[in-house]
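Asker: Sequence:
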Amino acid sequence: MGDIRNFSVGDKAAIKQKVTEQIIGDYADISGDRNPIHMDTKYAEETVFGERIAHGLFCQALVSNVIGNKLPGEGAILLTERINYRKPVYIGDEIECVCEIKEILSEKNQCLIAFDCINQMKECILDGEALVLLL
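Start counting the sequence shown at 1; every next residue gets the next number (my numbering).
To be clear, the hints were calculated from the coordinates, so they are not data collected in a lab. Given the structure is predicted, the values throughout are model-derived calculations rather than measurements. Glycine included, every Cβ here is placed at the ideal spot set by N, Cα and C. Do not rely on the hints blindly, as some may be mistaken.
Cβ-Cβ distance ranges computed for the label pairs, FRET-style [as the list claims (entries may be wrong)]:
| no. | residue 1 | residue 2 | range |
| --- | --- | --- | --- |
| 1 | Arg5 | Glu123 | 30 to 38 Å |
| 2 | Asn6 | Glu46 | 50 to 58 Å |
| 3 | Pro36 | Lys102 | 19 to 27 Å |
| 4 | Gly10 | Pro36 | 38 to 46 Å |
| 5 | Glu94 | Asn6 | 39 to 47 Å |
| 6 | Ile30 | Lys102 | 27 to 35 Å |
Sequences and hints are given; from them, build the entire structure.
Answerer: Here you go:
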């Protein structure tokens, strides 16, 4: 079992991921979400977005990646998560997900992690926080 006391408030970790056609297709296959806003260029061009967008949970998956693999990493289990979707994510966007420990609850072996997903134009496209248990 990991010990949350090995971490400090302010610890950060990040990853970057470029959104590709393949990622959108794979996510649609896994989730079953084939909403035409993600899959159909002609449909998407007629919407407020003007083009296809990535599934909303694409960025949440980046958050899960950082928490499960980097901060706190092995043994991390999401207990709760609050997500604010700020802007759409388009094919070709490069998203950086940054997670930071905001609070440590030593007695429960838990921490509160704030996260931001930022596109290549330095715009916040998603933010939120997660309560994480470290096994």
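Asker: Work down the list of hints and note, for each, if the structure agrees.
Answerer: Here's how the hints hold up against the structure:
A hinted range of 30 to 38 Å for the beta carbons of Arg5 and Glu123 is consistent with their spacing of about 36 Å. The hinted window of 50 to 58 Å between Asn6 and Glu46 holds, with their beta carbons roughly 52 Å apart. Checked against the given bound of 19 to 27 Å, the beta carbons of Pro36 and Lys102, roughly 38 Å apart, lie outside it. Our hint of 38 to 46 Å for Gly10 and Pro36 holds, since their Cβ atoms are close to 43 Å apart.
Roughly 31 Å separates the CB atoms of Glu94 and Asn6, a value that falls outside the hinted 39 to 47 Å. Separation of Ile30 from Lys102 is about 30 Å and conforms to the stated range, judged on CB atoms against 27 to 35 Å.
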